[in-house]
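K.L.:
What follows is the residue order along each chain.
Number of protein chains: 4
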Amino acid sequence: MSQYRVLIDANDEKGLVHKVSTIFYENDLNILSNSEFVDKENNKFFMRSFVDGAINKKVLTDAINAVLPVNSSVKVIEPKKKNIIIMATKELHALGDILIRHESGELEANILAVVSNYDKLESLVQKFDIPYITVSHENLERPEHEARVIEAIDSFEEVDYIVLAKYMRILTPAFVEHYENKIINIHHSFLPAFIGANPYKQAYDRGVKIIGATAHFVNNNLDEGPIIAQEIQAVNHAYTWKDMQRSGRDVEKVVLSRALKLALEDRIFVYANKTVIF
Amino acid sequence: MSQYRVLIDANDEKGLVHKVSTIFYENDLNILSNSEFVDKENNKFFMRSFVDGAINKKVLTDAINAVLPVNSSVKVIEPKKKNIIIMATKELHALGDILIRHESGELEANILAVVSNYDKLESLVQKFDIPYITVSHENLERPEHEARVIEAIDSFEEVDYIVLAKYMRILTPAFVEHYENKIINIHHSFLPAFIGANPYKQAYDRGVKIIGATAHFVNNNLDEGPIIAQEIQAVNHAYTWKDMQRSGRDVEKVVLSRALKLALEDRIFVYANKTVIF
Amino acid sequence: MSQYRVLIDANDEKGLVHKVSTIFYENDLNILSNSEFVDKENNKFFMRSFVDGAINKKVLTDAINAVLPVNSSVKVIEPKKKNIIIMATKELHALGDILIRHESGELEANILAVVSNYDKLESLVQKFDIPYITVSHENLERPEHEARVIEAIDSFEEVDYIVLAKYMRILTPAFVEHYENKIINIHHSFLPAFIGANPYKQAYDRGVKIIGATAHFVNNNLDEGPIIAQEIQAVNHAYTWKDMQRSGRDVEKVVLSRALKLALEDRIFVYANKTVIF
Amino acid sequence: MSQYRVLIDANDEKGLVHKVSTIFYENDLNILSNSEFVDKENNKFFMRSFVDGAINKKVLTDAINAVLPVNSSVKVIEPKKKNIIIMATKELHALGDILIRHESGELEANILAVVSNYDKLESLVQKFDIPYITVSHENLERPEHEARVIEAIDSFEEVDYIVLAKYMRILTPAFVEHYENKIINIHHSFLPAFIGANPYKQAYDRGVKIIGATAHFVNNNLDEGPIIAQEIQAVNHAYTWKDMQRSGRDVEKVVLSRALKLALEDRIFVYANKTVIF
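Chains as they are written, first to last, in this note's numbering: chain C, 8 to 285; chain Z, 8 to 285; chain X, 8 to 285; chain G, 8 to 285.
Treat the hints as calculated values from the structure; they're not laboratory data. Treat the hints with care, since some could be wrong.
If several chains are the same, the list does not tell them apart, and a pair holds so long as it fits within one copy or across any two.
Unchecked claim - Pairs of lysine to any residue residues, derived as SDA-like cross-links and limited to a Cα-Cα distance of at most 20 Å, are as follows: (1) K21 - H185; (2) K65 - N146; (3) K97 - Y139; (4) K208 - N280; (5) K21 - D59; (6) K208 - I30; (7) K26 - K89; (8) K87 - M175; (9) K26 - L114; (10) K51 - H244; (11) K65 - H144; (12) K47 - S9; (13) K127 - S162; (14) K26 - G60; (15) K281 - N50; (16) K88 - T179; (17) K47 - N63; (18) K249 - N72; (19) K249 - A120; (20) K249 - N49; (21) K26 - Q240; (22) K208 - N117; (23) K26 - S42; (24) K134 - S111; (25) K26 - L75; (26) K249 - E113; (27) K82 - E231.
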């Protein structure tokens, strides 16, 4: 008996639920949970089913593919720990939160390594017996630095996600393309407000009464990738921007960990620079 | 062409999605949206589909019934305005919110009447050309008063929901049974905290940092019916209980209106003193 | 015996609390509540005291002024209903919320009139015996239209605040200057995200997971005035932009009413395009 | 030059702000921030000032005491790291969060030790070079076990706060009295809802739509001590109680850390089983 997460992404047409559920039924699969969504504007159909039964993964994939319209995508995934690389710079709250979740066993992931442009967090990470790779950017052009980061990451066999836990360097389009839809970032503002540098300072200057954080996939345009999760916190006139920063860290780490969990559980579809999340 | 909301409540067994979606498919119905949930603890299956196509309501109901296990329930509902009675006492915020929504056309309901044990809100309600029926409880035993209220309500032909918009009288089991799963109440606390009288005073005395409101169906046990919606608001030591009450009213009215909307759109299943909401 | 709200705005220097509280003490005034804030970045001191006692308003103002540094501002205000004009266009949720609060007596304000560029909301407003003035913008240049609006507003003797309850016209700098720090607007986004037209459509296109609303004073730059209050609400991929709009209205009306209450209670200081709120 | 946090708790009477601020002024102290609150119901005055200047701590304390009514309390506190003991059982999320904050330097505290009735968390804690003391409760009567815990705690010279980071044992009144107003607990529900064991199971059974966590000082009545901070999170019918538990942990750890921060910054007054927090 196996359990599978079945993710379908297709152009919508009548009968898709019928066709897919018929395959489940005829193969004696039990549906443990099931979610569908039709984006009428774009005529797109999304479905995520969690099933169990005695069927070969490839057989199931092919059977579903056979009934879907052309240009559809179907993924049949066995739940297992995914492999992640965490990238950080100097702040440890977001990284620390992931390390603690990993230690507690709640994270459905193996942390292959932490890659940073500084060695500041090395002693913390090593406490957890996780490799720490410092790739300093000093005296390096951005492409050269990124080449070294890529080398460090690609020294691991299979990397499912790269988690930017307050990695404070702008990534080039080349880097982002290399890991398309695999890089999850936490931006320390309620996007699209306050893109770019020092959003808490920007928020303070604007006099907002709420600050936030946004976890998103990284695409070529800085801070403009598909949003996975957002959360906010009330502030008031008595907050300096440093207070906002301190206070915002609690939101950042919780939102990043929430987004990571959704990714690890294969709950996210990306399309049209948005996410559908089941 | 008709549109139907199909609500299915059944003991779970393999193939239910397949069987129901096959009926939709064979009758050439288009699924506009679809939600399912299996409560594994109680082995219960819930499904709500919004479909359109050319089929008679009874034919569709019978077809679905034919494939469901025994003791299942299927409702096929044509979206149309439901008939509601609002009950209130003296406070007008929750009632007023519903009246404004009704006036704006956003409420999928006809307000047949407002029934109150006081005449205080009469002039407001009459501005909106809605009948106001005062059924004073003065000098009446509770059963006698309720008999008159029931008489007032039942003078209308078809009442889908009775909305207690801060109706401050305890209802007898007899009254509640008479309108089973039809009475929606707003309780001014985050249930199950602070049941009973004056929850804001209780909340103040306890020194809570958050107050809330809970919309629920009314059952025989006061404040213990199935919860539909809850919302909260931060408070602090500077709030008197009157401040909490004033501030809480904004939460109350929004939560009650949200719960009413869910009911009017046939999105709520009730079972085991809980709600499943799609 | 009188009650006063004392609002002080001064360049910070040592001893201000001492000096002001000494005046209260020597004049036998009772401090009912007291709040202070020092903006260290701008070296500004803000204080709001609520006091009662037997003293003439002018005497108290002069006494405080005498101990403050130059360029300070002190306002001694007797709590009483302020006069407001509401401006609206076609949507009634924000206007309706204010009307209901006014009807319930909770609003510390007299609504002098509702001014609109359409007559759509007239019947609603007249139910509440409030004058409704339609100033159509049809076939008029913006300055000409605004001149007529100003004429309508200025026909009332004393107008404390102008509340834009979803007034969907851009105001000219001339209009804004005419009512400096008197115009409160509700913008249907979490500013500074999605300034300009149709923010819900913008939010939908961006794929945000949270929508919001912002109440602010209006200054010359559209959507860039000092923020008074903000609130948010979670959304997901299943929301169309129309759903976001519908759902956002509940946030809009609550935030606008909250901001209005703060203004009516003289709790807001404006400086450096921000607000200090006690 | 020294900085002091001055905390005053007195029966209210006219002139207190004047008297205290006069002392600050005459001693050439600068007020960096200042908060006051009068509980009119109980006629109690609270004030917290953050001042700097050249004055001896005892001199300042005596000067303030001299102008306060009888039965007042004044504390003049130099900001410095406080000493805390953390107690835990088997769950590491709340403990881990505090350890990471400690590691990052953001916590204004020295963690003297972690005391637990199990050794499960020992390896984690030792990573951070913090003593871990296992005091097993096996085969011990509660008083005997607590005597050993007290012995472990009291082996440290000065303990400011004991933080129960999911310590899953009920404390006796004797233990609580021994550390009056020094024990901070996180309860995994929105108190006063779901006191006692397994609140997530209780919340699930009740069918709530929001879960929460409450940080509070521990007094003799289980789960009934003065509330410091509360936070909530939305759930729905699809959450099992295990899902609620998992999800609730994020709220628990954030609320506990927030409460601890307030305590470490001397921002909390306790009276009448409530807290006043500046």
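K.L.:
Against each hint, give a clear statement of whether it holds in the structure.
P.N.:
Against the structure, the hints come out as follows:
1. Taking CA atoms no more than 20 Å apart as the test, K21 paired with H185 passes in neither setting, with 37 Å inside one copy and 43 Å between copies.
2. Taking the closest pair of Cα atoms, K65 and N146 never come within 20 Å of each other, the shortest separation being 49 Å inside a single copy and 55 Å across copies.
3. Taking the shortest alpha-carbon separations for K97 and Y139, only the intra-copy value of 13 Å comes in at or below 20 Å, while the best inter-copy value is 28 Å.
4. Taking identical chains as interchangeable, the C-alpha atoms of K208 and N280 lie at most 20 Å apart only when they sit on different chains, with a minimum of 15 Å there against 27 Å within one chain.
5. With identical chains, the CA atoms of K21 and D59 are at most 20 Å apart between copies only, with a shortest distance of 11 Å across copies and 26 Å within one.
6. Taking the shortest Cα distances, K208 and I30 never come within 20 Å of each other, neither inside one copy (54 Å) nor across copies (36 Å).
7. Taking the shortest Cα distances, K26 and K89 never come within 20 Å of each other, neither inside one copy (30 Å) nor across copies (35 Å).
8. Neither within a single protomer nor between protomers do K87 and M175 lie at most 20 Å apart by alpha-carbon distance, with minima of 30 Å and 31 Å respectively.
9. For the identical chains of this complex, K26 and L114 are neighbours neither inside a copy (34 Å) nor across copies (37 Å), given an alpha-carbon limit of 20 Å.
10. Taking CA atoms no more than 20 Å apart as the test, K51 paired with H244 passes between copies only; the shortest distance there is 12 Å, against 45 Å inside one copy.
11. In this assembly of identical chains, the alpha carbons of K65 and H144 never lie at most 20 Å apart, being 44 Å within a copy and 53 Å across copies at closest.
12. Taking the closest pair of Cα atoms, K47 and S9 come within 20 Å of each other only across two copies (19 Å); inside a single copy the shortest separation is 34 Å, beyond that limit.
13. In this assembly of identical chains, K127 and S162 lie within 20 Å of each other by CA distance neither inside one copy nor across copies; the values are 22 Å within and 34 Å between.
14. For the identical chains of this complex, K26 and G60 are neighbours both inside a copy (18 Å) and across copies (18 Å), given an alpha-carbon limit of 20 Å.
15. In this homomeric assembly, K281 and N50 come within 20 Å of each other (Cα to Cα) only inside a single copy, at 15 Å, whereas the closest approach across copies is 35 Å.
16. Neither within a single protomer nor between protomers do K88 and T179 lie at most 20 Å apart by alpha-carbon distance, with minima of 29 Å and 43 Å respectively.
17. For the homomeric pair K47 and N63, neither the shortest alpha-carbon distance inside one copy (33 Å) nor that between copies (25 Å) is at most 20 Å.
18. In this assembly of identical chains, the alpha carbons of K249 and N72 never lie at most 20 Å apart, being 53 Å within a copy and 34 Å across copies at closest.
19. When the C-alpha separation of K249 and A120 is checked against a cutoff of 20 Å, the pair qualifies neither within a copy, at 30 Å, nor between copies, at 30 Å.
20. Proximity of K249 and N49 under a CA criterion of 20 Å is satisfied inter-copy only: 16 Å between copies versus 43 Å inside one chain copy.
21. Neither within a single protomer nor between protomers do K26 and Q240 lie at most 20 Å apart by alpha-carbon distance, with minima of 44 Å and 36 Å respectively.
22. With identical chains, the CA atoms of K208 and N117 are never at most 20 Å apart, being 35 Å at best within one copy and 30 Å at best between copies.
23. For the homomeric pair K26 and S42, the shortest alpha-carbon distances inside one copy (15 Å) and between copies (17 Å) are both at most 20 Å.
24. In this homomeric assembly, K134 and S111 come within 20 Å of each other (Cα to Cα) both inside a single copy, at 14 Å, and across copies, at 14 Å.
25. Proximity of K26 and L75 under a CA criterion of 20 Å is satisfied in both settings, with 8 Å inside one chain copy and 19 Å between copies.
26. When the C-alpha separation of K249 and E113 is checked against a cutoff of 20 Å, the pair qualifies only between copies, where the shortest distance is 12 Å, while the shortest distance within a copy is 32 Å.
27. Neither within a single protomer nor between protomers do K82 and E231 lie at most 20 Å apart by alpha-carbon distance, with minima of 26 Å and 44 Å respectively.
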